[in-house]
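Just so it is clear: in the sequence shown, position 69 is 69 by this note's numbering, and no numbers are missing.
Everything labelled a hint here was simulated from the structure, so no lab data went into it.
Where hints are given, some of them may not hold.
[To be verified] Using 27 Å as the maximum straight-line C-alpha spacing, the simulated BS3-like pairs for lysine-lysine come out as follows:
id : residue 1 : residue 2
1  : Lys241    : Lys2
2  : Lys29     : Lys217
3  : Lys29     : Lys67
4  : Lys66     : Lys46
5  : Lys2      : Lys29
6  : Lys241    : Lys80
7  : Lys29     : Lys46
8  : Lys241    : Lys159
9  : Lys20     : Lys217
10 : Lys186    : Lys2
11 : Lys2      : Lys159
12 : Lys29     : Lys241
13 : Lys217    : Lys241
14 : Lys80     : Lys67
15 : Lys159    : Lys20
16 : Lys93     : Lys80
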Amino acid sequence: MKASEADQRRLLDLAEVDTKRRRVQHVAKNLPEQHHLNALDEERTKHRAEVVQLLGQLEDSRSELKKIESDVETVEARLKRDNDRLQGASSRKDIEALQREIEVLQRRRTILEDGELVVMQRVEEQTAAHEGALESQRSVEDRARELTVLRDAARDNLKGEYRVLSEQRASVLASLPAELVALYEKQRERYGVGAAELIGNITTGTNVALDRPELEKIRRAAPDDVVICPDSGAVLVRTEKSAL
1 MKASEADQRR LLDLAEVDTK RRRVQHVAKN LPEQHHLNAL DEERTKHRAE
51 VVQLLGQLED SRSELKKIES DVETVEARLK RDNDRLQGAS SRKDIEALQR
101 EIEVLQRRRT ILEDGELVVM QRVEEQTAAH EGALESQRSV EDRARELTVL
151 RDAARDNLKG EYRVLSEQRA SVLASLPAEL VALYEKQRER YGVGAAELIG
201 NITTGTNVAL DRPELEKIRR AAPDDVVICP DSGAVLVRTE KSAL
């Protein structure tokens, strides 16, 4: 294939733009903010599970406390009723029966009130634990939101940079012969590099020095001959920096 020296050199501009585009794509896929968010995911899941577990325990204890309070109210009501009946009782048998029942109810009330204190203490401790877990969860979620904002801002910047590079690429492509562009794209797709410069005896496609027979073959090629780099497979562009 033939192509002017100027067109071949513009391939280096195209290759530089493509290298920058690949770098932008790589950075976009490996943003540190996204890595931090990924690391936070496990922590967020752990905190959410802990909050749910502690809330469940707290609700169970609150239900237990509510049941005890209801039982205490029932005992208090029965004690009041029996005391009222005791005030009006005249039969010795009735009085003794009421007194025995009142003693049983008083013991029952004592047991319930002791249990109530235990459960109240547990509710207090579980409330503190739940609130602490919520605070930890909020802290992690706040950090996740901050990282998300930073990640999105970084992505937007990279998208803008990529858009500018794509416009530059389109401009370079428009100035090149279609056949040369097709070769460049073919080699880039196949080998990862579309064009490389020969600096001294080193190809920038792989940063490997070409041996004498290869250099001699390149030296014999006409300036407008399109040469393929024997090492990288890219279009090898000769410049004043080449050792030819």
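Outcome of the hint check:
no., hint, in the structure
1, Lys241 with Lys2, "holds, 21 Å"
2, Lys29 with Lys217, "violated, 41 Å"
3, Lys29 with Lys67, "violated, 56 Å"
4, Lys66 with Lys46, "violated, 30 Å"
5, Lys2 with Lys29, "violated, 39 Å"
6, Lys241 with Lys80, "violated, 108 Å"
7, Lys29 with Lys46, "holds, 26 Å"
8, Lys241 with Lys159, "violated, 35 Å"
9, Lys20 with Lys217, "violated, 31 Å"
10, Lys186 with Lys2, "holds, 16 Å"
11, Lys2 with Lys159, "violated, 36 Å"
12, Lys29 with Lys241, "violated, 35 Å"
13, Lys217 with Lys241, "holds, 17 Å"
14, Lys80 with Lys67, "holds, 20 Å"
15, Lys159 with Lys20, "holds, 13 Å"
16, Lys93 with Lys80, "holds, 19 Å"
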